[in-house]
Amino acid sequence: MENKGLTKVDLIFEKIDSHEVLAKGFKMSSDEIIQEMLDSGLKGRGGAGFPTGMKWKFTAAEKNPEKYIVCNADEGEPGTFKDREILDRVSNKVHGGMAIAGKAIGAKKGIVYLRGEYSYLLPKLMIELESFHKMINEIGYDFNIEYRMGSGAYICGEESALFESIEGKRGEPRNKPPYPTVSGVFHKPTSINNVETLVTAMMIIQHGAKNFIQYGTKDSRGSKVFSVSGDTPTPGIFELELGMTVQQFVNEFGDGDTKAVQVGGASGFCVPRKKFAETIIGFEGVPTGGSMKLFNSSRSMYNVLHNYLDFFTEESCGQCTPCRVGCQQLLLGVEKVKKGEAASTYLNELMKLADTMKIAAKCGLGQSVGNAFKSIVGNFKEEIIY
Amino acid sequence: MINLTINDQKVSVQEGTTVLAAAKKLKINIPTLCNHDDLCVAGNCRVCIVEQKGARTLIASCATPAAEGMEIHTNTLKVRNARKHIVELLLSEHRADCTKCYKNQNCELQKLANDFAFGDHVFFDLVENKKYNIDRSSPSFVKDDSKCIRCQRCVRTCSELQYISAIAVANKGAHQKISSFHNRPMSNVVCTNCGQCVNRCPTGALVEKTYIDQVWDAIYDPDKHVVVQTAPAVRVALGEDLGYDPGERVTGKMVNALRQLGFDSVLDTDFSADLTIMEEGTELLVRLKKALVDGDKGISLPMFTSCSPGWIKFIEHKYPEFLPNLSTCKSPQQMFGALAKTFYARKRNIDPSKIVSVSIMPCTAKKFEADRPEMRSSGFKDVDYVLTTRELAVMIKQAGIDFRNIEEANYDSIMGDSTGAAVIFGATGGVMEAALRTAYEIVTGREVPFGNLNITPVRGMEGVKEATIKIEGCVEAWKFLEGAELKVAIAHGLVNANKIMKMTREGKAPYHFVEIMACPGGCIGGGGQPIPTNLQIREKRMKAIYAEDEHKELRKSHMNPDVIAIYKEFLDQPNSHKSHDLLHTHYVERDNF
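Protein sequence lines, in the order shown, are assigned to chains A and B.
The opening position of the first sequence corresponds to residue 1 in the numbering used here, with each subsequent residue numbered one higher.
The opening position of the second sequence corresponds to residue 1 in the numbering used here, with each subsequent residue numbered one higher.
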C-alpha cells in the first residue's frame, strides 16, 4: 500500500496569471488537452472520481455541434464547504478551467450551477465573470459562461437532476444510459465537472501532467482540498496531497480523542478508530469529495446515523422506491431498535435492505445511503442498540 | 440489429429496444409497475430490475436499451432479493385494505404481491405515520393518496397524453406525493375529469366516483321510473370486465342485462347521437352560409364538436377565447337527458319528477358534465346518475347475472332506435364521418362519395387527421357551396387537441369543422372503460365499433325513424326554438391552473 504521509500543499488557491495559462491552453489542440488530462490521471473531485480525461474524451467524440460544459457548484454534501472557498478566492481558475474543458470537448457554452445557499457570492462572481469574458475576448476565443442558481435540494447535485433543474424542471435524476457525455443539459452532449476538478485541470495545463503526477498515489493522483469539521481544534479548508492514512489525518486534525471519521459526508464511509491506520484516504481506500468529519468519544454514533438517515429521508427526490421508502425504513428501523420495539437482529434485515438500495436505486444518492448506514451500524452496533 | 443474451438465450433486437422488450421476445416475463405502453419510460419503481454482467448495480430493464453483447439475467438470487425488498417497500407505504378496495382483483400491486406470495413481511407499516389525504371533491373520481405508490403514471398521462398537468409531483423524499396546484381540491384545478389517469393507475389511488348504490336505490324505489341510456363505446368494451376478450360486441346481452337489473326502460344514447348530427350538422351549414354568403364576420370558424366533456373543460380552461367556436350542441348524453324528462315523459305519460335518468358511459368526465348547472333544461337535473362501463360490470356481477349465457335483447322503443352513424361516435373520427354522411347528402342530395359510406380518411389512430371533401352538384338551397372544399380535422387525446388549438390561436388552422375527443382513440379509450388499456386493446374496440356500424341496416343519422319522429312530433326542425331550449347549451371560461 502506497502511503504518502500527510503533506500540505498550496496549488489550488495559488494566484496565477489566467491570461497566460489560457493562452497556452487555447494553443493546444483538443486531443492534446485530453491527452494531458489522461496522463495526469485526474479523477473527478466531486466524490465519484470518474477520470476527467475520459469524460472529456467521450464528450469530444460526440458529433453534435452544440455541447455544454457544466460546472457543478451545488456543493451540498454535509460537511463539504471547499467549493465555496474556491469560488470565493479563485473563481478565475474555475472559469478558466471551464474554458479549457470547452476547448477540449468543443463546447462554446458553459453553465455554472451554483448552490442556492451560495447566492451571496453571486455579485462578486458576476464581476469576476465579466473580467473573464473580457479576457478571453482579448485572447480571441469564443466561450461564454452563465450562472444558474440551485434552490436548496441536495438531489440537484446529482448530475442529471442538475440538468433537469437547469432546464426548469423538477430536479429528478434521469435514467442512464444515455450518459451526460451523450445527452446532458438540454439533451446535448455535456461534460459536467466539479468546481475543484476544473481548477485542477487549469493547474495541469499550467504545470503539465508530469508535474501533477508527482503528487498523490497511483490510484489517487494530485492533491485535493479537504473540508475539515467536527471534533477538531482546527476546522477549515486544507489542501493535502492524496495518499495519507486516516491515522495520519487524525494525528494532524484530531483532538486526541477521535473515535471515528466520516469520510465523504453523509454518502461516504465511517472509519472507526481501529481501522485508522490501515485506511488510505483516496480512491484505493475511502474516497471523498472533501468532507472529513471527526467524532470524539463524547458523540453518540446512533445520533450521527440518525442525523444522516433523517437527512436522506428528507433529501431523496422520492422518485424511486428503494431510496424513497428505503430511507424511511432504515430511519424507522434504527429508531425501533433503539427504543426496544424491534429486536436487535432487525439490524441484519436493515443491512440487507441497505445492500438492495446500493444496487437497485436509480441514482448515486440512493445507492450511497448504504455506505454510511453499513459502516456505522457495522462498526458501532452496540451504540445503535443500547 | 443488436445481439444479446437473456438468461443464456440469444436474442437479436432492433436498436433502441429495451431489455424488457427483448426479454418479452424470448417469452421471459419481467414484472413491471411504473411502466405503461402508452407512456414514456420512467424507470422509477425499480420492480423490473435485472442483473447485467459486469454492471456495478442492477439495471431497470424498462429503461435500459439493449446493447451489443449484453448478458442479462432476470432471476438471480441478487435480483430476487432486491425485487422482494422493492415490492415490500411499496406495500409498506400503501394502505393495503385490499378486500375493501374498489380495485380489488384489478390491482397491479396486488397481483405482484400475489405472484411473489411473501409470507414474511419484514418492514414496518408506514401508512399510520403519514397524514394521507383522500380527495373526494371531483364528481368524477376519488384520489386516495394512501394507496398511491408514486409510480407517476398518472402524472405522465396528464402531461404526455393530455397536455394538462393538473397533477404533478410535489415535495421530496418521504413527503413526496402526487398533488394538484397548491394542493387545491381536484374539483378546483385545471383537471378535465377525463379519467385517463384512472385508467392507468396500477392501484386504487385513482378510481371513479361510484354512484352504483344511488342507482340501485332508484331502481328499487317503486315511485321512480328509471330510464337508462348506453353510450356507443360501452357495448364494445363492457365484455372485457365480464370475461370476454377485447373487441367483443355485447350489445344485445348488455341490453338484456340492464333490463334484468330492473331499469324500467333501456334506451340508447345512439338515438341522441343521431340527433346531435342533425343539430350540429345544421349548425355547421348555417355557420358556413352566414360566413360565406352573408359575409358575417361574427361567425366563428372552424367549428369544434362539443360531444366530449373532457375536451369542453379543456378548452374552457386553456383556450377560452375560442369558446364561440364550439358547437352549441349538448353532448348526446345531455340531449338524451333533456328529452327523457320532457318528450319521453310526455309520450309515456309519466310525471318527469318521477323519472330517474341514468346513463352508462365510457367516460368519467360525463359525471361532471351531468352535474353542470347548464344541464337542467328539462326543469330537473337532466341526467341524474352517470355510471362508467366498469360500474355497469360491477352491477351485473352484483346482481348475479350470468352474462355469457343470457339471451340478446333489443332496446326499448321511443329514443331506442339508432343508426350506424351514431355507433361510430364511439371512435375518433366517428362524429366527423357521421356528420359528413348527413351534411353531404343534405347539400348535394347524394350519398358521400366513399365506398359503402366508409369515409376512411377520417378513421384510424393517428393523433391528428385531416381531410378535404369537395362539394359538387349542390341542390338549389345550398348552391353557394358549389365547388367549395370542406376542410376538416380530427384530433383525439388532448395533447393532439392542443396541437390544433395552437394552430388555431396562431391563425394557421385552415379548417371549417374539427372533431375533438379528449381521450386517446375517442370514447373507446375513455376514462370509464375497462382497465387495462393500451393501443392494441383500443384498436380492437375500434374495429368492433366499425363492425357494429357495418351490421346496421340504417347508417345515416337523418334516416333514424325515432329522430324523424321526434322532429315531427316535438322539436319541429333542427336548430328550432325548442331544440335550442333543450338541446343546446353555452360554456364558461375557467382558470388555467
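Mixed in with the good hints there might be a few duds.
[To be verified] Derived BS3-like pairs (lysine-lysine); straight-line CA-CA distance at most 27 Å:
#, chain 1, residue 1, chain 2, residue 2
1, A, Lys374, B, Lys53
2, A, Lys338, B, Lys130
3, A, Lys188, B, Lys499
4, B, Lys53, A, Lys336
5, B, Lys84, A, Lys176
6, B, Lys111, B, Lys27
7, B, Lys111, A, Lys352
8, A, Lys8, A, Lys176
9, A, Lys176, B, Lys78
[What the hints assert, rightly or not] Label pairs and their computed distance ranges (CB to CB):
#, chain 1, residue 1, chain 2, residue 2, range
10, A, Ile16, B, His175, 43 to 51 Å
11, B, Glu462, A, Ser151, 34 to 42 Å
12, B, Asn129, A, Ser29, 41 to 49 Å
[To be verified] A few chain A residues facing chain B, derived, Cβ under 7 Å:
#, residue
13, Tyr120
14, Leu122
15, His187
16, Gly318
17, Thr345
18, Glu349
19, Thr356
Hint data in this document are derived by calculation from the structure and do not stem from the laboratory.
From the three backbone atoms N, C-alpha and C, an ideal C-beta is built for every residue, glycine too.
Going through the hints against the structure:
Restraint check: the Cα-Cα separation between lysine 374 of chain A and lysine 53 of chain B comes to about 25 Å, which is no more than 27 Å; the hinted pair holds. Using a Cα cut-off of 27 Å, the hinted pair lysine 338 of chain A and lysine 130 of chain B holds, with the two alpha carbons roughly 21 Å apart. Under the criterion of a C-alpha separation no larger than 27 Å, the hint pairing lysine 188 of chain A with lysine 499 of chain B is consistent with the structure, at around 26 Å. In summary, the hint linking lysine 53 of chain B to lysine 336 of chain A is not supported, as the alpha carbons are separated by about 37 Å, beyond the 27 Å threshold.
For the hint pairing lysine 84 of chain B with lysine 176 of chain A, the CA-to-CA distance comes to about 23 Å; that is within 27 Å, so the pair holds. A threshold of 27 Å between alpha carbons decides the hint, and for lysine 111 of chain B with lysine 27 of chain B the separation of about 19 Å falls inside it, so the pair holds. This hinted pair checks out: lysine 111 of chain B and lysine 352 of chain A have alpha carbons roughly 25 Å apart, not beyond 27 Å. With a CA separation close to 38 Å, the supplied pair lysine 8 of chain A and lysine 176 of chain A exceeds the 27 Å bound.
Taking the CA atoms of lysine 176 of chain A and lysine 78 of chain B, the gap is near 21 Å; set against the 27 Å cutoff, the hint holds. A hinted range of 43 to 51 Å holds for the C-beta pair isoleucine 16 of chain A and histidine 175 of chain B, which are about 46 Å apart. One distance hint, 34 to 42 Å for the beta-carbon pair glutamate 462 of chain B and serine 151 of chain A, holds here, with the actual separation near 41 Å. Here the CB-CB span from asparagine 129 of chain B to serine 29 of chain A is close to 59 Å, at odds with the stated 41 to 49 Å.
Checking tyrosine 120 of chain A against chain B by beta carbon gives a least distance of about 24 Å; that is not within 7 Å, so the hint is violated. Taking 7 Å as the C-beta cut-off, the interface hint given for leucine 122 of chain A is violated, the closest approach to chain B being about 25 Å. This hint is violated: histidine 187 of chain A has a C-beta 13 Å from the nearest C-beta of chain B, more than the 7 Å allowed. Checking glycine 318 of chain A against chain B: minimum C-beta separation of about 3 Å stays under 7 Å; hint holds.
Because the beta carbon of threonine 345 of chain A sits about 11 Å from the nearest beta carbon in chain B, more than 7 Å, this interface hint is broken. Annotation: interface hint on glutamate 349 of chain A holds; nearest CB of chain B at approximately 5 Å, less than 7 Å. The restraint placing threonine 356 of chain A at the interface with chain B holds, with a minimum CB-CB distance near 4 Å, inside the 7 Å limit.
This entry does not satisfy hints 4, 8, 12, 13, 14, 15 and 17, going by the numbered hints stated previously.
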